[in-house]
Amino acid sequence: MKPIFLLVCIFFLSSSCTAKNYLYYKHTGYEINNKFKKLQGFNIDYEVENGGPIFNNEISIYKVSKAKCIIVSKIDGDSGVYGTETILYFSNAKILEGYRINYSYNFLDGEGSKKINRLNYEKNRKNENLDQLNKELNGYLKYINKKTLKECS
744 MKPIFLLVCI FFLSSSCTAK NYLYYKHTGY EINNKFKKLQ GFNIDYEVEN GGPIFNNEIS
804 IYKVSKAKCI IVSKIDGDSG VYGTETILYF SNAKILEGYR INYSYNFLDG EGSKKINRLN
864 YEKNRKNENL DQLNKELNGY LKYINKKTLK ECS
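Each residue of the sequence shown is one higher than the last, beginning at 744 in the working numbering.
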(Lines of atoms letter the chains of each structure in order from A and count residues from 1; the text may use other names and numbers.)
(Lines give C-alpha, C1' and ligand atoms only; values in the text may rest on other atoms or scores of the structure.)
Protein backbone atom coordinates (compact mmCIF):
# COMPACT_ATOMS: atom_id res chain seq x y z
CA MET A 1 0.00 0.00 0.00
CA LYS A 2 2.83 2.41 0.84
CA PRO A 3 4.50 2.03 -2.59
CA ILE A 4 1.22 2.87 -4.35
CA PHE A 5 0.68 5.91 -2.13
CA LEU A 6 4.26 7.04 -2.80
CA LEU A 7 3.76 6.58 -6.54
CA VAL A 8 0.55 8.66 -6.47
CA CYS A 9 2.30 11.45 -4.51
CA ILE A 10 5.19 11.53 -6.99
CA PHE A 11 2.72 11.70 -9.88
CA PHE A 12 0.90 14.72 -8.40
CA LEU A 13 4.12 16.53 -7.55
CA SER A 14 5.54 16.05 -11.03
CA SER A 15 2.30 17.15 -12.72
CA SER A 16 2.23 20.40 -10.73
CA CYS A 17 5.83 21.13 -11.77
CA THR A 18 4.89 20.52 -15.39
CA ALA A 19 1.91 22.88 -15.10
CA LYS A 20 4.07 25.63 -13.64
CA ASN A 21 6.70 25.18 -16.34
CA TYR A 22 4.01 25.38 -19.03
CA LEU A 23 3.15 28.90 -17.84
CA TYR A 24 6.67 30.04 -18.65
CA TYR A 25 7.01 28.19 -21.94
CA LYS A 26 8.10 30.83 -24.42
CA HIS A 27 4.93 31.26 -26.45
CA THR A 28 4.72 33.39 -29.57
CA GLY A 29 1.98 36.00 -29.89
CA TYR A 30 0.20 33.74 -32.40
CA GLU A 31 0.18 30.82 -29.92
CA ILE A 32 -0.99 33.04 -27.07
CA ASN A 33 -3.85 34.40 -29.17
CA ASN A 34 -5.02 30.85 -29.94
CA LYS A 35 -4.58 29.37 -26.43
CA PHE A 36 -5.68 32.02 -23.96
CA LYS A 37 -8.67 34.31 -23.36
CA LYS A 38 -8.14 37.87 -24.56
CA LEU A 39 -9.14 40.43 -21.92
CA GLN A 40 -8.31 43.72 -23.62
CA GLY A 41 -6.64 45.21 -26.66
CA PHE A 42 -5.52 48.73 -27.57
CA ASN A 43 -3.00 50.60 -29.72
CA ILE A 44 -0.43 53.14 -28.57
CA ASP A 45 2.40 54.97 -30.31
CA TYR A 46 5.93 53.62 -30.04
CA GLU A 47 8.65 56.19 -30.67
CA VAL A 48 12.15 54.98 -31.51
CA GLU A 49 14.74 56.55 -29.18
CA ASN A 50 16.71 59.65 -30.20
CA GLY A 51 14.05 61.16 -32.44
CA GLY A 52 13.38 58.09 -34.58
CA PRO A 53 10.12 57.26 -36.33
CA ILE A 54 6.84 56.56 -34.54
CA PHE A 55 5.27 53.12 -35.03
CA ASN A 56 1.92 51.62 -34.04
CA ASN A 57 2.25 49.36 -30.98
CA GLU A 58 -0.61 46.84 -30.92
CA ILE A 59 -1.18 45.65 -27.33
CA SER A 60 -3.21 42.56 -26.40
CA ILE A 61 -3.72 41.26 -22.84
CA TYR A 62 -4.58 37.61 -22.15
CA LYS A 63 -5.58 35.68 -19.03
CA VAL A 64 -3.32 32.66 -18.45
CA SER A 65 -4.42 31.41 -15.05
CA LYS A 66 -5.77 32.74 -11.80
CA ALA A 67 -4.20 36.20 -11.31
CA LYS A 68 -1.64 35.70 -14.10
CA CYS A 69 -1.78 37.45 -17.46
CA ILE A 70 0.31 38.02 -20.57
CA ILE A 71 0.80 41.23 -22.53
CA VAL A 72 1.69 40.84 -26.19
CA SER A 73 3.14 44.01 -27.71
CA LYS A 74 3.46 43.82 -31.51
CA ILE A 75 5.37 46.48 -33.47
CA ASP A 76 5.79 46.15 -37.24
CA GLY A 77 8.95 47.62 -38.75
CA ASP A 78 8.86 50.56 -41.15
CA SER A 79 8.95 48.33 -44.26
CA GLY A 80 5.95 46.27 -43.12
CA VAL A 81 7.93 43.08 -43.77
CA TYR A 82 9.27 42.41 -40.25
CA GLY A 83 8.66 43.35 -36.63
CA THR A 84 9.11 42.46 -32.97
CA GLU A 85 6.80 41.04 -30.32
CA THR A 86 7.43 41.66 -26.64
CA ILE A 87 5.82 39.06 -24.38
CA LEU A 88 5.34 40.06 -20.72
CA TYR A 89 4.03 37.61 -18.10
CA PHE A 90 2.71 39.55 -15.10
CA SER A 91 0.57 39.37 -11.98
CA ASN A 92 -0.52 42.08 -9.52
CA ALA A 93 1.02 44.73 -11.81
CA LYS A 94 4.46 43.12 -11.35
CA ILE A 95 6.53 41.46 -14.06
CA LEU A 96 7.17 37.72 -13.74
CA GLU A 97 9.09 37.10 -16.96
CA GLY A 98 9.46 38.53 -20.44
CA TYR A 99 11.22 38.20 -23.76
CA ARG A 100 11.25 39.56 -27.32
CA ILE A 101 10.73 37.65 -30.57
CA ASN A 102 11.52 39.00 -34.03
CA TYR A 103 9.27 37.95 -36.91
CA SER A 104 8.73 38.46 -40.61
CA TYR A 105 5.63 38.19 -42.79
CA ASN A 106 4.96 35.67 -45.56
CA PHE A 107 3.80 36.91 -48.95
CA LEU A 108 1.68 35.09 -51.55
CA ASP A 109 3.65 36.53 -54.42
CA GLY A 110 7.34 37.25 -54.79
CA GLU A 111 6.80 41.01 -55.01
CA GLY A 112 5.59 41.41 -51.44
CA SER A 113 2.20 42.87 -52.30
CA LYS A 114 -0.12 40.17 -50.86
CA LYS A 115 0.77 39.74 -47.18
CA ILE A 116 -0.36 36.66 -45.22
CA ASN A 117 -1.13 37.33 -41.55
CA ARG A 118 0.71 34.18 -40.37
CA LEU A 119 4.13 35.24 -39.07
CA ASN A 120 7.52 33.54 -39.39
CA TYR A 121 9.11 33.73 -35.95
CA GLU A 122 12.85 33.59 -35.35
CA LYS A 123 13.88 30.68 -33.17
CA ASN A 124 15.82 32.93 -30.78
CA ARG A 125 13.82 34.49 -28.00
CA LYS A 126 15.71 37.30 -26.34
CA ASN A 127 15.35 37.33 -22.55
CA GLU A 128 15.34 40.87 -21.28
CA ASN A 129 16.47 42.54 -18.09
CA LEU A 130 13.63 42.55 -15.51
CA ASP A 131 14.16 46.26 -14.77
CA GLN A 132 13.69 47.08 -18.44
CA LEU A 133 10.59 44.86 -18.64
CA ASN A 134 9.13 46.44 -15.47
CA LYS A 135 9.60 49.87 -17.03
CA GLU A 136 7.77 48.70 -20.16
CA LEU A 137 4.96 47.12 -18.10
CA ASN A 138 4.54 50.36 -16.11
CA GLY A 139 4.12 52.22 -19.39
CA TYR A 140 1.23 49.91 -20.35
CA LEU A 141 -0.49 49.92 -16.93
CA LYS A 142 -1.93 53.41 -17.43
CA TYR A 143 -3.84 52.12 -20.50
CA ILE A 144 -5.16 48.91 -18.91
CA ASN A 145 -8.72 49.21 -17.64
CA LYS A 146 -9.71 48.39 -14.04
CA LYS A 147 -11.58 45.21 -14.99
CA THR A 148 -8.50 43.76 -16.69
CA LEU A 149 -6.23 44.77 -13.77
CA LYS A 150 -8.61 42.99 -11.39
CA GLU A 151 -8.51 39.83 -13.55
CA CYS A 152 -4.70 39.92 -13.38
CA SER A 153 -4.45 40.37 -9.58
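Take the hints with a grain of salt, since some may be wrong.
Claimed, not checked - SDA-like mimics (lysine to any residue), calculated; alpha carbons at most 20 angstroms apart, straight line:
id : residue 1 : residue 2
1  : Lys769    : Phe850
2  : Lys869    : Lys890
3  : Lys778    : Tyr842
4  : Lys893    : Tyr883
5  : Lys778    : Ser808
6  : Lys811    : Asn776
7  : Lys893    : Ala836
8  : Lys893    : Tyr773
9  : Lys885    : Tyr773
10 : Lys806    : Asn777
11 : Lys869    : Ile818
12 : Lys866    : Glu879
13 : Lys769    : Lys866
14 : Lys890    : Phe779
Hint data in this document are derived by calculation from the structure and do not stem from the laboratory.
**Item:** Structure versus earlier hints - violations, ascending order
**Value:** As far as the earlier hints go, 1, 2, 8, 9 and 12 are violated by this structure, in ascending order.
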